[in-house]
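Protein chains in written order, with our numbering: chain A, 15 to 381; chain B, 14 to 537.
Because the hints were derived from the structure by calculation, they are not lab data.
These figures come from a predicted structure and were not determined experimentally.
We put the beta carbon where it would ideally sit given N, CA and C, even for glycine.
Any given hint could turn out to be false.
To be verified - The list that follows gives simulated cross-link-like pairs (lysine-lysine, BS3-like), each with its CA atoms no further than 30 Å apart: (1) K380(B) <-> K237(A); (2) K192(B) <-> K347(B); (3) K267(B) <-> K289(B); (4) K361(A) <-> K415(B); (5) K267(B) <-> K309(A); (6) K380(B) <-> K415(B); (7) K401(B) <-> K237(A); (8) K237(A) <-> K507(B); (9) K289(B) <-> K237(A).
To be verified - Chain A is faced by these chain B residues, among others (derived, beta-carbon under 7 Å): (10) I153; (11) L156; (12) G159.
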Amino acid sequence: MRIRIEKRPIPSRLVSVLTLLLSLLLALIVGGILLKAVKADPIKTYRAMALGAFGSRYSLSETLVKAIPLMLCGLAVSVAFRMLFWNIGAEGQLAMGGIAAAGVALFLPPRAPHLPSWLLLLLIAIVGFMAGALWGLIPALLKAYIRVNEIITTLMLNYIAILLVEYLFYGPWKDPKGYGFPGTAEFPPVAWLPRLPGTRVHLGLLFALLAAIFIWAVLSRTKWGYEIRVIGENPRAATYAGISLVRNILLIMWLSGGLAGLAGMAEVTGIAHRLTKGLTVGYGFTAIIVAWLAKLNPWTVLIVSFLLAGLLVGGDQIQITMGLPASVALILQGAILFFMLGAEVFKQYHITIEWRRRSSIHEETGV
Amino acid sequence: MATNTPAVRMTGITKRFPGVLANDHIDFETQPGEIHALLGENGAGKSTLMNILFGIYRADEGEIFVHGRKVRLNSPRDAIKQGIGMVHQHFMLVEVQTVAENVSLGLAESRFFLNLGQTKGRITELAQRYGLQVDPDTRIWQLSVGEQQRVEILKMLYRGADILIMDEPTAVLTPQETKELFNTLRRMAAEGHTIIFITHKLDEVMAISDRITVLRGGRVVSTVCTSETNKEDLARMMVGRPILFQVERIPVEKGDIVLQVENLQAQNDQRLPALKGVCFTVQQGEILGIAGVAGNGQRELAEVITGLRQAIGGCIRINNMDVTNCAPCRIIEKGVSHVPEDRLGMGLVPNLSVSDNIIMKEYRQPKLSYGPFLNRLSIWRFVDRLIKLFDIATPSQETPVKLLSGGNLQRTILAREISALPNLLVAMHPTRGLDVGATESVHKMLLEQRSKGAAILLISEDLDEILALSDHIAVLYEGEIMGILPAEKAGVEKLGLMMAGALREMPPATSPEQCAEPVEGKVS
């Protein structure tokens, strides 16, 4: 048997769609085997997950709630990835955005009681964005000026930021009337992001949509977007054409960190209304999966975020309805990603298998 | 052995790549002991055909016979078993290992422990027999390009290859090295080896081959005996129309000094000295050719002038302004265009469209943008005009440039660089790998810029090109200029000696001062 692998000059569209469906199916099969192993009925479980995520108005709105930080972080990560800046620090940038937002929300209203809510929220949003952006600028500066590998720095800065969040709500910012529960005091209602009536879906959704439009417009319509594309495809050509890598690294990380920071801001002011444990639950890491599955396209990021959020919410639901561990959802997430990324090979290469005997040279007498 | 059995016979070879018919029912045969040239423009299908013979590609249709026996070649390993060897244009050697280690690499007989003593003995024996002098204990990185090529040939001989495919072997050699290579090939042929020589250089074909097969557009145009043909006929077969060999070079009034390089020093990527005090000037309407064997500082010179590499000493002036170590975009603003050596690696972004590649330097200009936005309509018009003006064959503006042929890639780069109306054009290997037709058009474009008063720094390893185009020729050897000669007084022999470092007409740079004031009177 011989396997020949040839590169496809242009990835095939049909194969792209087929592999997407096939990899989803394979992921569900692998998940099903695991479910069987824990003595659960896979079909029933998947049904429960789907209903739990998309089956009702309530579950749909909960899925949207989880999708918001994924969208913002997914956009954040994908713009940086576009320029081959491997920002895997969205979690930390989100945490810093949350901290800064919480700081303003906790301490500004008592000192400025007449500040209108919209102005306060605008201020909090800007501060949240800037905090994430500044956190993102640290690895950007290190990379741009002394070529420190950004994968390491962004990753490490995550843990500093996450621990800083914990330090604050366990320590100095802890709610004195909180009966020892970890978390800050609840923000005054002027610092709450408006919600869609009857749901927990908050204004962060609008932020995400605006961010997607902004990124799409930048990438496809502006000189800056053009520079990002050139750098992302061939940094040497960019340097040759006089495009400054330093300036673009700083700019892109300012935007990327800022968007992740905005996600943190939206989480604390839109959902928890306090700084607490629920802020750093891995959105920034899942965002990497989102960005990758979405092929860094801003519109696809929105869709993929929604679907992955459904997987998370559905996973929570089967915990309640089927008594299964929520980690089933994480396993499924991993399996889907594994198969989809694995399927890339089939999109880019043409693989033929020849069933032939082992002799590699087939000789015949000449004519 | 029956003398009439061809060493290689390929019949009806067809190979399709998506959208391209690279080989269209090609019949090819070569006799034992023959030097057979495979001549054709880029994209004619010569490399595809030979890659099929070496087992890298597999033909969609057709049969291959080696010494009369039908064979199936699924990999280079199969080809080597049949006694077929190939020396690629880019060498496949491990730089840090010795010659002997490289030769024994991947051999069936060497399992885990190498018997290098025995290998060395055979290498020396083969080297003597064919005039391939090289020390088996030297490490590859210490060897010159010509010597590395010898190692590649030895590797194939060591594997018992009696049919040797050489893919454009002279592209990297000095004239003297080429001569030596030809001697070796003749000796090998005399001993019964068959040599297939891929090239598009007509002079070489006439000098070395016994017979010639000309390919065009994936088909065989003709197979002729070298003694019965001439350059003009071959060129017409290759291109399909008559070719002017000597582009017309009209005298041009020289103007002010545009580029002034003084005592320039720079390092290569390994941080070793690559330029050791280089001095020259280029005037308006002048082409200064920089000759030299690859790796003697040419790349570093081009990069330092265009701001892509730091100078560690000396200075560069453009129009009498010091631009040493300025950012690339500052230098572009000074009207410096650059046709880089590595087209797809630096000059273009392979995955982006023709349009995106053409505007790579011009997109900042107000005429192609409004505020922070790109003006898509004026970009479309601009690109459309250049595609027509420079005759870039592309299905559309949106086609990724990686799908274009070599000649069109270079036209895309030249369209961008020349449309910027340069004061100084730094062109490195502007026609390397291009076919005769494309080369002719690139040469015309360069001369046209010269007539328009641009200063041109032409860096090339192709001496014929340098001699045909330059007003002055400087030879670069180990980071130093060996001499600057007027083109009329520079013969191939003399340049060859200078390229090899054997002749020096310019005193070594000693003046350590950083940047002297411009010489009065030379600059008006």
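Verification of the hints:
1. K380(B) <-> K237(A): holds (13 Å)
2. K192(B) <-> K347(B): Violated, at about 43 Å.
3. K267(B) <-> K289(B): Judged against 30 Å, a Cα distance of about 28 Å means the pair holds.
4. K361(A) <-> K415(B): With Cα atoms ~18 Å apart, K361(A) and K415(B) stay inside 30 Å; holds.
5. K267(B) <-> K309(A): violated (54 Å)
6. K380(B) <-> K415(B): holds (27 Å)
7. K401(B) <-> K237(A): holds (25 Å)
8. K237(A) <-> K507(B): Violated: K237(A) and K507(B) sit about 50 Å apart, past 30 Å.
9. K289(B) <-> K237(A): violated (39 Å)
10. I153: Violated: closest Cβ of chain A sits about 25 Å from I153(B), beyond 7 Å.
11. L156: Violated - the Cβ of L156(B) stays beyond 7 Å from chain A, reaching only about 27 Å at its closest.
12. G159: Constraint on G159(B) not satisfied, violated at 28 Å.
Of the numbered hints stated above, those contradicted by the structure are hints 2, 5, 8, 9, 10, 11, 12, listed in ascending order.
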